[in-house]
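Student: Dock chain B against chain A, hints included.
There are 2 protein chains.
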Amino acid sequence: MRDTDLPQSPIPDTSFPLTAHARDAVRSLRPSQIREVANAGFGLPDVLPFWFGESDRVTPTFIRDAASAALALGATFYTHNLGIAPLRDTLARYVSALHGATSADHVAVTSAGVNALMLAAQLVVGAGDRVVAVTPLWPNLVEIPKILGAHVDTVPLVYGAGGWQLDLQRLLAALTPDTKLLMINSPNNPTGWVMTRDEQRAVLEHCRRHGIWIVADEVYERLYYAGAAGETAPSFLDLAARDERVICVNSFSKAWLMTGWRLGWIVAPAALMDDLGKLVEYNTSCSPAFVQQAGIAALEQGEALTRELVGDLRASRDHLVRSLSAVPGVDVKAPPGAMYVFFSLPGASRSLELCKALVRDARLGLAPGSAFGTEGEGFVRWCYACDPARLDAGVERLQAWLERQGAGQS
Amino acid sequence: MRDTDLPQSPIPDTSFPLTAHARDAVRSLRPSQIREVANAGFGLPDVLPFWFGESDRVTPTFIRDAASAALALGATFYTHNLGIAPLRDTLARYVSALHGATSADHVAVTSAGVNALMLAAQLVVGAGDRVVAVTPLWPNLVEIPKILGAHVDTVPLVYGAGGWQLDLQRLLAALTPDTKLLMINSPNNPTGWVMTRDEQRAVLEHCRRHGIWIVADEVYERLYYAGAAGETAPSFLDLAARDERVICVNSFSKAWLMTGWRLGWIVAPAALMDDLGKLVEYNTSCSPAFVQQAGIAALEQGEALTRELVGDLRASRDHLVRSLSAVPGVDVKAPPGAMYVFFSLPGASRSLELCKALVRDARLGLAPGSAFGTEGEGFVRWCYACDPARLDAGVERLQAWLERQGAGQS
Chain A
1 MRDTDLPQSP
11 IPDTSFPLTA
21 HARDAVRSLR
31 PSQIREVANA
41 GFGLPDVLPF
51 WFGESDRVTP
61 TFIRDAASAA
71 LALGATFYTH
81 NLGIAPLRDT
91 LARYVSALHG
101 ATSADHVAVT
111 SAGVNALMLA
121 AQLVVGAGDR
131 VVAVTPLWPN
141 LVEIPKILGA
151 HVDTVPLVYG
161 AGGWQLDLQR
171 LLAALTPDTK
181 LLMINSPNNP
191 TGWVMTRDEQ
201 RAVLEHCRRH
211 GIWIVADEVY
221 ERLYYAGAAG
231 ETAPSFLDLA
241 ARDERVICVN
251 SFSKAWLMTG
261 WRLGWIVAPA
271 ALMDDLGKLV
281 EYNTSCSPAF
291 VQQAGIAALE
301 QGEALTRELV
311 GDLRASRDHL
321 VRSLSAVPGV
331 DVKAPPGAMY
341 VFFSLPGASR
351 SLELCKALVR
361 DARLGLAPGS
371 AFGTEGEGFV
381 RWCYACDPAR
391 LDAGVERLQA
401 WLERQGAGQS
Chain B
1 MRDTDLPQSP
11 IPDTSFPLTA
21 HARDAVRSLR
31 PSQIREVANA
41 GFGLPDVLPF
51 WFGESDRVTP
61 TFIRDAASAA
71 LALGATFYTH
81 NLGIAPLRDT
91 LARYVSALHG
101 ATSADHVAVT
111 SAGVNALMLA
121 AQLVVGAGDR
131 VVAVTPLWPN
141 LVEIPKILGA
151 HVDTVPLVYG
161 AGGWQLDLQR
171 LLAALTPDTK
181 LLMINSPNNP
191 TGWVMTRDEQ
201 RAVLEHCRRH
211 GIWIVADEVY
221 ERLYYAGAAG
231 ETAPSFLDLA
241 ARDERVICVN
251 SFSKAWLMTG
261 WRLGWIVAPA
271 ALMDDLGKLV
281 EYNTSCSPAF
291 VQQAGIAALE
301 QGEALTRELV
311 GDLRASRDHL
321 VRSLSAVPGV
331 DVKAPPGAMY
341 VFFSLPGASR
351 SLELCKALVR
361 DARLGLAPGS
371 AFGTEGEGFV
381 RWCYACDPAR
391 LDAGVERLQA
401 WLERQGAGQS
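Chains as they are written, first to last, in full-length UniProt numbering: chain A, 1 to 410; chain B, 1 to 410.
Hints were generated in silico from the structure; no laboratory data involved.
Careful: at least some of the hints might be erroneous.
Stated by the list, open to error - As a list, the in silico DSSO-like pairs of lysine-lysine whose alpha-carbon atoms are at most 30 Å apart:
no. : chain 1 : residue 1 : chain 2 : residue 2
1   : B       : Lys333    : B       : Lys356
2   : A       : Lys146    : A       : Lys180
3   : B       : Lys146    : A       : Lys180
4   : A       : Lys146    : B       : Lys146
5   : A       : Lys333    : A       : Lys356
6   : A       : Lys180    : B       : Lys180
7   : A       : Lys146    : B       : Lys180
Next comes chain A alone, as it looks inside the complex (with noise of 0.2 Å):
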């Protein structure tokens, strides 16, 4: 339209019967419980948030630095779709230093961690093929597949005296010779769940039978708490070869507190790697040049900065289980991996509810547990990254608020 016309409003056309909705397999993938429990607080004063994934600490100014420095010198254009050469070569290095030799060409830049995902399911499965996945789980991993046709069967820890256990036997004979690929998340989001090498060993041989692909969610591996200090949690990349059907998933989010940055990487054969640049370019194209130099900086000057926050967290998870250990009804175990503590309090057999109730009344901020599939019901999530007293203040509130329910029943 010419600039110097009035815009016009468009002339709706009532010819058009049908209405605009998406497809039915969009339509039916869930939509987040948390941002519904969210929802239901909005508006409200004082509300304590503890139901997102996402620490409360800025990301610290040598990482922010990095991409302002990069922005001033103009590193504004397209950049290789699988990632700038430097970024590739660096986290090549950080990888084989954890997990054994890893070459660059093993290597994808992904924007963000979940795309990261999508791209390793895109690379894999098409309409109808069969896809298994351990739950409770973050939704994002089971519900991807389906955006492609796939369906998902879910084999679910099982929760007992030693916390959430994997039943092994129980998902070897759910990954059928027709099952095309399993999606694993250890450290595990919401349960702090964290698979054991021998488990990894049984998994990966079973998959290497029937050729099964693994798609390996460690985007949580540096946030390790049963080992000692600096260790990682055990990876499917410490016992796969790199050309075989192993893809792992990781993310600058959790361990650099990057959560915002959307930069993630793949460690995938290398046979991958052309087919991986073409659905790059048809994805996002690249991840942007000047958030890529601070990945960098993350890899190159971070190691310090990691290490102390996994110390905080577990400080965090250590206080944040006492505290609530105190607190009458609760059910709750230290995990080994992960931000979060997974636990069980009375109502939350309905713990959408129950989630919702608390952040109206309580004005406490929790995920609930079948935000993470059916298999999570009963439970509630907390994430504890952040500093004890604001844990304190929360558990206060909870702690009150269950007074308050217990009074009124009796």
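Tutor: Same frame as chain A, but now just chain B:
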């Protein structure tokens, strides 16, 4: 693994006989022929590159400064899936000024224009769906639906005395009632073709009648030279009601020199937005907050920049068309939009081989027409988003090379 251990190499187990390769639908996606040409020139000194769809100018300082300021203020956290409210509001005002009243609940922020195309395709097409696209065309629009299992039929533009034209009746005939989606890009990459208002009206009415979705890629709408200064190319948004089956895709890349930022947007029916939010969650979750802040600066302070840029591009286009017209054997017409000249010359009937020879023997980087579909064969694409002196140097190389070819043949 323990960080005190030396990393061991993974122990390859030869019992995985199945090689790792992507599924057939992904392997058969077209790789970029532009990249194939660029690779043929890899390591060669002094290549003049006109092959990519990118200006040689860095993003303006005020936009980069806005991102750096947001970083300094700590905008490093997740944002709403559909984008931060101030950017959605600013986009709504921008779109309203160009195309009539549009509220923020019809606008979503995406992680690039191509990401908007992927999201739009995910919203409406799945396995077995029929998609129609008008070609020659940037390959991404044709390949994206295939990732989702759809099949794509193409309708070719016709090249004649008036340049590239749409055969409207042929397009309407191809838009059969069983068609799910029309993907159309105007102003068009690579031809510079611009759909007329009357053609848009006819197509919209036809698609309304049959319930066919339209995804309109209008990322070049500001790069339009057929009207008065400041005039924007005809848009489906000028004709369509906001709640019918029309999804308009746009980007900050071209009109604000922000290719490397990966920031785009969608205008779509409000009834789609909940489902679109889910898809954003499962693709990239959000665009970085500091990148979104830069988008606000671009919209609020960038109008003079865009107009100056379009004036420069118009001058570059005219300059290049004039220069190329003087080269014997070249057939070139001034296109009404975008930032490419798509022209024929001796040898272009095998455009991939021609472009490889040009980069190797003339140090001239052009994109082969066949990169944009078989209908583009016989042509090459020249991006003129650079200063005239560089264009002159390129034309000199082309002319000298053609003369050498002619001398060799005679």
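Student: Decide if the proposed pair is consistent with the structure: lysine 333/A and lysine 356/A, CA atoms, cutoff 30 Å inclusive.
Tutor: holds, 24 Å
Student: Does the alpha-carbon distance linking lysine 333/B and lysine 356/B stay inside the 30 Å limit?
Tutor: Distance of about 24 Å is within 30 Å: holds.
Student: Would the pair lysine 146/A and lysine 180/B pass a check requiring their Cα atoms to be no farther apart than 30 Å?
Tutor: Status holds; Cα separation ~19 Å.
Student: Are lysine 146/A and lysine 146/B close enough, with their CA atoms no more than 30 Å apart?
Tutor: The hint holds at about 16 Å.
Student: Given the proposed pairing of lysine 146/B with lysine 180/A, does the C-alpha separation stay at or below 30 Å?
Tutor: holds, 19 Å
Student: Between lysine 180/A and lysine 180/B, does the CA-CA distance stay at or below 30 Å?
Tutor: Distance of about 28 Å is within 30 Å: holds.
Student: Between the alpha carbons of lysine 146/A and lysine 180/A, is the straight-line distance 30 Å or under?
Tutor: Distance of about 13 Å is within 30 Å: holds.
Checked against the numbered hints listed earlier, the structure breaks none of them; every hint is satisfied.
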